[in-house]
Amino acid sequence: MSLSPHAIATNNYMRKFLSNVASYNPPSPNTVTHHLAELYSFVAAAIRGQLKHAKDLYSGLPFLHLVADLWTEGHTKTSFGSVVLRYVNPAAGDIEELHLGVSLFVGRHTHGNISKWLLGRLLYFGLDQADIASTTTDSGSNIRKALRRLPYSWNPCVAHSLHNAVIYALGAVSERPQRTDAGNGEEEHQPERSKNPSARALVAKGRKLMGHINHSERSVAIYKDAKVPHDGPCRLLITDVPTRWSSTYISMARMYTCYSRLAVFFSSSEVGAGARKRQLTSSEWDRLRQVMNVLKGTFEVSTRSQSATQPVSHLLSLLVSLWRVLHDERFFVPARSGLPLAVGNKAIETYIDEHNTAPVSIVDNYLYPAEYLYVDPAPGDEPLCDDAATALRVLRKQLDDRLFNKEDNSRHILGSDSVIMACRLSPGGSRKMQTLARLTGSVDPNSKAVWLLKDLCDRMISPTQPASVRPTSTTTTAATKAMRRARTCLVESSDDDETQTHDQRNSAEVSHADAAKAELDAFLQLVDGNKKMDALEFWRNQNSKFPLLTLVAFSVLGAVGTSAAAERAFSTAGNIMTPNRSALSSQHLEMHCLIRGNAHLLPTPLGKVPVLSAVDENKLRSEMPLAGRRQVPGDADNMSSADDVPVGCML
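8 is the number that the UniProt record's numbering gives to position 8 of the sequence shown; each next residue is one higher, with no gaps.
I should point out that these hints are in silico values taken from the structure, not numbers from a laboratory. One or more hints might be untrue.
[What the hints assert, rightly or not] Derived DEER-like restraints, expressed as beta-carbon distance ranges:
(1) Asn409 x Ser622: 39 to 47 Å
(2) Ala599 x Arg330: 46 to 54 Å
(3) Ala204 x Gly272: 55 to 63 Å
(4) Ala92 x Thr604: 13 to 21 Å
(5) Glu371 x Ser269: 31 to 39 Å
(6) Gly120 x Ser198: 22 to 30 Å
(7) Asp521 x Asp386: 49 to 57 Å
(8) Ser544 x Leu602: 30 to 38 Å
(9) Thr243 x Ala335: 31 to 39 Å
(10) Arg330 x Arg149: 28 to 36 Å
(11) Pro603 x Arg304: 31 to 39 Å
(12) Glu217 x Arg304: 50 to 58 Å
(13) Asp521 x Asn356: 42 to 50 Å
[Unchecked claim] In silico DSS-like cross-links for lysine-lysine, where the CA-CA straight-line distance does not exceed 30 Å:
(14) Lys195 x Lys227
(15) Lys619 x Lys532
(16) Lys224 x Lys195
(17) Lys145 x Lys52
(18) Lys296 x Lys195
(19) Lys346 x Lys448
(20) Lys195 x Lys116
Glycine residues also receive a C-beta, built at the ideal position from the N, C-alpha and C atoms.
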């Protein structure tokens, strides 16, 4: 069912249900769209007001961190763009997200069109370029090029980079042919060869097994009815979804936990020959558990990096841990497939409390015994299988190219200005950057981060009345001077008065920018860089000691490491624009997504939303961005908008 309110209200099943409890007539489409416009108008105004208030508090500092992406709807092939803003509320010290909706994108996906569309979205909500501190996108060539040409710090999507690295490690190949030297001064284009064909075949066979179990009614019935001793409730296999982050690891982990049920399933005489040829051998199960655990670290980082409330310094800590795991000489993997030791959180906690010295590993909420396997084994050590070892080597190389690239600063997480500034002002962040720079053979970015922070402090705007002016006299002294001034025009002066006037002038000349830099110097000298605690909580506690530097810290701590927010917005749009609602107006889709993404801004009760007249509604629609117009007159260079995503097994 579509998430569209009108589609829900007119759905036959919904009307049948409501007819049993009350007399109900669905509203007309005009009524629904009118109320939709009223809600949209209220939410858009609330977003503008919230952004304006934050902008005033930040005193000229760029404070918004932008996530953007493009999406082509599958039914009508219409293009849409999503923009999500993240920032730290300076009043509360918490991270907030504002969704600017999923709006129509008209024209080709060139970097010029994308830039103008994006700036138009910002202008519609009362923003300008000076308010943006950083941008985050996936690795799509056109949108990456568009945002990197804008005067902001650009961050690659870490989850997307991990996704691409994993699918290459599992043997996928790129759609794009590889250029090779033909020997006569010309280049040949040849298809890329798989770097891990054995793992690719293993994943393909597992996918066929999952597809058969989930789509054959007979096999599903046998699988569910299988009597498995010491097993929990029946768990269905999960088929991995192309382009979905972490999908392959999740499907492999579920298959591993279903080993006992699958063994009983294939032992049944009712299972046909078509299903039996998809059965994994003992050797393939052993390879599966090892390959799965090589991917576990990337799965955890990808999942935890999508938080809407964690600062980007938390992501850097995860990447340091991931680098160490992938470059360790041994891997901690679950033992060969069998019955789990415990199932569920409580049972797992109880078992670990009672057997805290036993090596165990949790896989999809099942607890299994574990063992160490070695990448380069010494005599007597058990090695990783070839599939897992090859996947590990490819994964290391891919991450070095995508996230720790010393040759291309845009592909190194420490090459992002917004990331290193946020980490430098986070407790323990300086040490994290030093550690990652040492591990990857890069330059320590701490000195650059301090220089960038001082440059950022210079952008602070002082108020008309300087906050640092000190009181110069008591009330009695002020009254005496006022009386003397009233009696005569020849006011006596003294050395103290002259010195005091000089001090006042110097105090007034100390701008917020200079005061913020002074606080930064004091912070760098006094604060322990090895201290570990939540960055936002730390700066909330430091607000009284470093009031101006706290604003600077809040302005950089909102930086985003993944484009997950934009992906979630497109997921919502896809649930609204279903096949039976494919004719939905792009304006109405934008309204739906804006309201749904910012529902927390709506009043309670909804009756407090102001009523729009028909004239105001028409004016609102005409002023919406684009309103069906091209954002760039004439033709522009046509560039491919395809992401650098391989074909084959997907994460």
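Hints and how they fare:
1. Asn409 x Ser622: 39 to 47 Å: holds (44 Å)
2. Ala599 x Arg330: 46 to 54 Å: holds (48 Å)
3. Ala204 x Gly272: 55 to 63 Å: Taking Cβ atoms as reference, Ala204 and Gly272 lie about 21 Å apart, which means the hint is violated.
4. Ala92 x Thr604: 13 to 21 Å: holds (20 Å)
5. Glu371 x Ser269: 31 to 39 Å: holds (35 Å)
6. Gly120 x Ser198: 22 to 30 Å: violated (50 Å)
7. Asp521 x Asp386: 49 to 57 Å: holds (55 Å)
8. Ser544 x Leu602: 30 to 38 Å: This hint holds: roughly 35 Å between Cβ atoms.
9. Thr243 x Ala335: 31 to 39 Å: The hinted range 31 to 39 Å holds for Thr243 and Ala335, with Cβ atoms some 33 Å apart.
10. Arg330 x Arg149: 28 to 36 Å: Given about 45 Å between the Cβ atoms, the range is violated.
11. Pro603 x Arg304: 31 to 39 Å: holds (34 Å)
12. Glu217 x Arg304: 50 to 58 Å: Violated, since Glu217 and Arg304 (Cβ atoms, about 38 Å apart) do not stay within the stated range.
13. Asp521 x Asn356: 42 to 50 Å: holds (47 Å)
14. Lys195 x Lys227: Violated. Lys195 to Lys227 sits at ~41 Å, over the 30 Å cutoff.
15. Lys619 x Lys532: The hint is violated at about 52 Å.
16. Lys224 x Lys195: Violated, at roughly 37 Å.
17. Lys145 x Lys52: Holds, because 29 Å separates the two Cα atoms, which is no more than 30 Å.
18. Lys296 x Lys195: holds (20 Å)
19. Lys346 x Lys448: Not OK: Lys346 and Lys448 at ~47 Å, beyond 30 Å, violated.
20. Lys195 x Lys116: It is violated: about 40 Å lies between the C-alpha atoms, which goes past 30 Å.
Consistency with the previously given hints fails for numbers 3, 6, 10, 12, 14, 15, 16, 19 and 20, ordered from lowest to highest.
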